[in-house]
Amino acid sequence: MIINFLGHLHPVFVHLPIGFLALAYVIQYLFKSNTEKSRLIDFVLVAGILSSLLAAFFGWMLSLSGGYEENLLDWHRYTAIAVCVVSIALLAYKKYKKEEYRTPYYHAGFHLMMLTLLLAGHFGGEMTHGEGYLFSEATDTETGVVVEKQKITTLTAASTVSVYDGIVEPVLAQKCMQCHNQKKKKGDFQLHTLEALMKGGKNGKAIVAGDLDHSEFIRRILLDKGDEKHMPPKGKSQLTQPEIDLLSWWVLHGVSTSQSVKAVSANDTIRKFLSDARKQSAGPAALDSIAPADAASIAALKKINVAVVPLATGTHFLELNMVNAPSFGDKEAPLLQKIAPQVMWLVLADTKITDAGFESLKSCANTTRLNLKNTAITNASIALIGQFKKLEYLNIVGTNIDDAGLLGLTPSATLKKIFCWQSGITTNGVMAFQKKYPNIEIDFGEKK
Amino acid sequence: MNELMKMHFENKRREFLRGSVLGLGGIAMGSLLGCGSKNADRKAVQQVAEEINKPLVNPHFLPKAKRVIYLFQSGGPSQMELFDYKPMLYSMHGQEIPASVIGKNRISGMVSNQYSFPLAMPAATFKQHGAAGGYFSEHVPHIAAIADDICVVKSMFTEQINHEPAVIFTQTGNQLSGRPCIGSWLSYGLGSMNDNLPSFIVMVSKGGGDQPISSAAWSSGFLPSHHQGVQFMTGNEPVPFLNNPQGIDRMDRRRALDFIKGFNNIQNEVWHDPEIESQINQSEMAYKMQMAIPSITDLSDEPQHILDMYGPDVMTPGTFAHNCIMARRLAEKDVRFVQLYHLGWDHHGSIASGIKKATSLTDQPSAALVKDLKQRGLLDDTLVIWGGEFGRTSFSQGKLTPEGFGRDHHPGCYSIWMAGGGIKPGMVYGESDDFAHNVVKDKVHVHDFQATMMHLLGIDHEQFIYKSQGRRYRLTDVSGDVIHNLIA
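The listed protein sequences correspond, in order, to chains X and V.
My numbering puts the first residue of the first sequence at 1, with every later residue one more than the last.
My numbering puts the first residue of the second sequence at 1, with every later residue one more than the last.
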């Protein structure tokens, strides 16, 4: 406990000797010689020596907590001890020689101290940030492990790669291997290979295949975020829910290495994980894939009180809402033509639009939500509605569209919901449509 | 102007301290004491403030919800009598709550001198409803009937044990009043969709009960004051003075407003006080509301079967049912945030009759609102929230008598429900222990709830910040995680 605490003071003190000793070096070689300078160097050297002893002591305590790669740790340890020894020797030599201290030995000692200092610092840095940190690319600095995010997102349900290689390992690489890898083994636990993962760490076995309750690996992940033992620790990038589900599923189903993604693709957890990974790579890209909308058209629409609102920061897709423009009708509809590709949400509810005006909106190819509530739209516009290829939400509440219209609709593959309360549509129509398109949720309302 | 000058000074406190530290105290002092406080300086100060505090205008990412209706049940609805079925409480009726369950949890001063904490059997029977098989009490049959449309969260917990701080904590993210509430944050951040109505409207139902609610719960705090909630009155005239006085027509009103605005603009040129702009905004909004409000508040165009959905009280202004149908009508007009408050959930004594009364006033209208929004296709992008500031204890407050008992405040565990706006429908989230005292699975802190709500509106709660008097603030203060499992 106390050792742990003392160990954690190492990062607090470690930068002091670096500063002091380097300062002594700077003073030695930049300042003009006089008695003041000599006294100043003495002072700074003493400060450097004391702080380096403290830092070394705390560092030793930290090394006792384990988890560091031995080879690197040795290099850091012995170079750091060298810094202490050389700086003490330097000061002792200087004091011993009194006024006559400026000998070649003295300068050699000073340079040696600086060199060991640089080396010790460098090895310390490699331990914290991963080997090769100094010259690595900006992207995978922290880990030293190459993370292939691409690997997950390009997977499909038909991939024959194994679940472990294809999705489990990349998740571990992204979220865990920064501290548990071949070089750095926090808690004596590594998971860069399956063998290491199964071997476990200082708290024993990490994974009991098929038993979530006794798998420390899963337990740590599921602990409250505020919990001291929660993994990944506070401040590190956290696992997402689909990732947690995936890892739990994998452990529960026997930690298989051979099972292919294809073989288990029907499983809900896997499907959800894959679609989430795809969404993450596809989502924002789709939103910024459109050019800015025609400014003149927007100005003209705003002039007649149409709310023209970007859907989110950084996208040119728009929501058009006529809540302030109830008189919007067929005459105004052509104003939308130039910005049609950008219109993603289109709210025409309670406007004067009719089939004639709706005709001019057919170029809104990217519209996902179309609200025609309480308008004079009839069956005549049904074919046109079918042409909204990305439609997800359709509101025809209170329109004159009836069963014939509904059944005449060829819905887009993306359509999820239709709201048709208080239209001409009857229960029969809804049932017939539902039979044809069981995946579309159709809301018929309470009672007529 | 004294107040304004005071503010001006206080605003610069940090700059003053910084200046002193750097040994430039004297110079800083000069500008502080107003020597250089000219018109141009004030303008510059305001410009800097505006530079830092830019409203979002657009959400950070694609939103799932465009508006929110928050049915706040003030007083602390008992989770044991509504949504959190605990069979153990029936069998252990009268026995002491195990000390290990209470642990180090805080209990309020109202029961801390009790010698005994006997568990009390819920004054309700429960049945499963909906595809998810969630339990609902006999007191909420209408909400039970929409089980497939709502998500019940049984694992809420808060940090506050008394009404005022707990309400303020839920609404502003901080226990002390003075910070902006959720509605003000949204009004400020996302702006209004409807030019003719305020973006944040508050309705408090009357005849609820004992604990009052303070208007600090819909205050805009340090945000410009035209973002505070506009409260509708409970009488026949929800917005007073809509009609012009005798002999004044709308043109006269316009001319008067323009004239006053001219004066205000002159003052604004001199002082650059954001509150002057708020005043101008509010006058303009009032003028527009004169036209827009009557069509909202007049229910004569509602067909009878819709009115019947909301229950018998719907035509009585000031009732929760009336406010619910008003909330729907405001949502139809794209009002960003409608906040309803219903009081009367503070059942320290005779909870059996208390819960009956509270649910008889709220159950049917709450469910009707969700159904009505749904059939209009509005529930899809309207988030409905139903919940209070904390829960109640499973042990009795005072003696457990055959005539009845009450329950005390309990922050450690309570239930709320949400619907629409991207919330996963037909779900029960989280679990409490056998005594509904501690959360044992999927904890949801008030800040988590707020973060999730913001997320549904397309806002990253960690990026939505306002700097005031040298400190950056957010609704979720310095914590809160989005609960992705609640999101469809």
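Simulated from the structure, these hints should not be mistaken for laboratory data.
It is possible that part of the hints are untrue.
Pairs of lysine-lysine residues, derived as PhoX-like cross-links and limited to a Cα-Cα distance of at most 20 Å, are as follows [unchecked claim]:
hint, chain 1, residue 1, chain 2, residue 2
1, X, 302, V, 357
2, X, 302, V, 424
3, X, 94, X, 175
4, X, 362, X, 389
5, X, 225, V, 443
6, X, 417, V, 424
7, X, 175, X, 303
8, X, 175, X, 186
9, V, 288, X, 303
Status of each hint after checking the structure:
The straight-line distance between the Cα atoms of residue 302 of chain X and residue 357 of chain V is roughly 49 Å, outside the 20 Å bound, and the hint therefore fails. Annotation: proposed proximity of residue 302 of chain X to residue 424 of chain V is violated, straight-line Cα distance about 35 Å (limit 20 Å). Distance restraint check for residue 94 of chain X and residue 175 of chain X: the Cα-Cα separation of roughly 51 Å exceeds the 20 Å cut-off, and the hinted pair is therefore not satisfied. In summary, the hint linking residue 362 of chain X to residue 389 of chain X is supported, as the alpha carbons are separated by about 10 Å, within the 20 Å threshold.
Restraint check: the Cα-Cα separation between residue 225 of chain X and residue 443 of chain V comes to about 10 Å, which is no more than 20 Å; the hinted pair holds. Restraint check for residue 417 of chain X and residue 424 of chain V: the C-alpha separation of about 15 Å stays at or below 20 Å, so the hint holds. Taking the CA atoms of residue 175 of chain X and residue 303 of chain X, the gap is about 51 Å. The hint is violated against a cut of 20 Å. Distance check on the hinted pair: residue 175 of chain X and residue 186 of chain X sit about 14 Å apart at the alpha-carbon level, within 20 Å; holds.
Taken as a hint, the residue 288 of chain V and residue 303 of chain X pair is honoured in the structure, with Cα atoms around 17 Å apart against an allowance of 20 Å.
The structure fails to meet hints 1, 2, 3 and 7 from the earlier list, while all remaining hints are met.
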